[in-house]
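J.: So the sequences go chain by chain: A and B. All residue numbers for the first sequence refer to my numbering, where the first residue is 1 and numbers rise by one. All residue numbers for the second sequence refer to my numbering, where the first residue is 254 and numbers rise by one.
Simulated from the structure, these hints should not be mistaken for lab results. Worth double-checking, as some hints may not be accurate.
To be verified - Listed next, the in silico SDA-like pairs over lysine to any residue satisfying Cα-Cα at most 20 Å (straight line):
(1) Lys462/B to Gln69/A
(2) Lys462/B to Arg70/A
(3) Lys138/A to Gly216/A
(4) Lys157/A to Ala228/A
(5) Lys462/B to Lys157/A
Computed from a predicted structure; not experimentally measured.
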Amino acid sequence: MKVSDCLILAAGNGRRMQPLSAGGPKPLAPVCGTPLLEHIILAAREAGVSNFHVVVGYRGDLIREYFGQRRLDGVSFDWIENPDYHQENGISALTARARLHEPFLLLMADHLFQPSTAWALLQEPISEGEVILAVDRKIDSVFDLDDATKVRREGGKVVDIGKEIPAYDALDTGMFLCTPALFDALESASRNGDGSLSGGMRELASGRRLRAFDIGEGRWVDVDTPVALTYAERLLECEWQFDLVKGEKTYAA
Amino acid sequence: MKTQCRDYMHEPLVRSLGRLPADPPQVLTVLTWNVERGTKFEAIAEALAGPLRADLYALQEVDRYTRRSGDQDLPEKIARKLGVDYAFGTEFEELAQRGGFDLPLHGQVILSRLPIRRARILRFQYQPHNWGGWWKPRLACLQPRRGGRMALVAEIEWDGATVVFYDAHLESQASDHDRARQMGEVLHDLWPRYAPGTPIIIAGDFNTKEEHESAAVRLLRAAAFDDVLERAGGDLHTSPKSRRRLDWIFVRDLAAHGALIHPLSISDHYPITAKITPAHHAESVTDGAWAGQGRSEGGRNES
């Protein structure tokens, strides 16, 4: 089954990124001269998705305006407004519920990744009611471990997830292959007072419906601070898909 | 002043020559102009002192002690003519332009009728074009240079507040994407330094030669900056040769009115001027306020 839909959460105002995006929305902070969100969209497009459902909130007008002018071949946008963007990110994901009825790729607007990682995740067969989380077992090589969301796996399933869990063996990369069952889990978690995406994932994990997908040697970075942004620029410049963006910049009308 | 004694690549030269106004103006006139090395110095200075009179000037491609410009200190001469303070930042040392004792330099100048509290050079880390390779013969026609593109940054005191003024010159011998990377460095520079709400002006020659809107300009719009010519219609080119809009003034947390492109044939770029007020004054200033100056909103001054 080909997955062609991608949900991107781009509504928050990135308080910790304020030093690098003051006044503007974090997803438009330039990384090597290209907005963070554009890097993510181009990488996802390279992995095979084409319909982008983007949840915006803080300065969503600027994000829509940017991509309105920036024509990207092979990309269609469905903009979803979340007026409650100051709340947790699970609430943002829930605003897309009515738009997604088939499996979809879920991405964060501030997690850079390699297209090959998303492509590999999209090749995974997914069962009804299941969500697959791309995880990184290279714990020592991740940038800013303290801030990373940790996961504990058992037999290929995620059994615990959170920033403060006592035992873990991998990290949440912010990339998911989801069925619409995600939304039920988010609603259930929200009813229990946890509006975060991790809260929804814990709901799924408790029913053993959250599977782990090991990204192997793939690299990713959560661009959450000015230092992380500098690190991301080094990764893009030295190792990644930068030619992808460069080509787009050079040749797109 | 002997430039050899200074770290001219890293520190701007800042001189106070002006007679500062007793009462700060309520409206600032801001100008940007690439003066093509300043070889037509007399005409440039006359224009800046007369029809292009402004409170803040961002000039690009200004020579200092180069043979081609008559071995003169043009920033100093222009500032004296205008009676203003100035900061000069070196973009390049021109390796084939030595005419006398002083180093031949080329760069950007900010001239101000308001106090310049601080100035610095933001040398771009990303320099996509090598102007000064060792293999390049030191011939004037090949323009061998040492240095790199940069933005000159000045913090200006205006009525008890600080206005941050970036005078940027992006690389001409590069792609749209390369210039966006340099503009990204401007944004990375300003965000951690200046609190939200700080009035910021980014002006200069962005060398935006593209038919479509350039990536550098899109980045500025995405960062909530407004083009002072946003509401102007028609042909907005600032380069008579390429007929492209190469030059820009963007503002944030300020309001712009009555921006104009002046089609003067003194340089290979046209200057742009704009009236600037604090953002909260925007509603109290109408475009009609500028009608008395004989200029029309968004039009071209044919003088």
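J.: Hints first: check each against the structure and report whether it holds.
T.: A quick look at each hint next to the structure:
1. Annotation: proposed proximity of lysine 462/B to glutamine 69/A holds, straight-line Cα distance about 17 Å (limit 20 Å).
2. A distance of roughly 17 Å separates the Cα atoms of lysine 462/B and arginine 70/A; the hinted pair therefore holds under the 20 Å criterion.
3. For the given pair, lysine 138/A sits about 8 Å from glycine 216/A by alpha-carbon distance, which is consistent with the 20 Å threshold.
4. For the hint pairing lysine 157/A with alanine 228/A, the CA-to-CA distance comes to about 29 Å; that exceeds 20 Å, so the pair is violated.
5. The suggested pairing of lysine 462/B with lysine 157/A is violated, with an alpha-carbon distance near 53 Å, which exceeds 20 Å.
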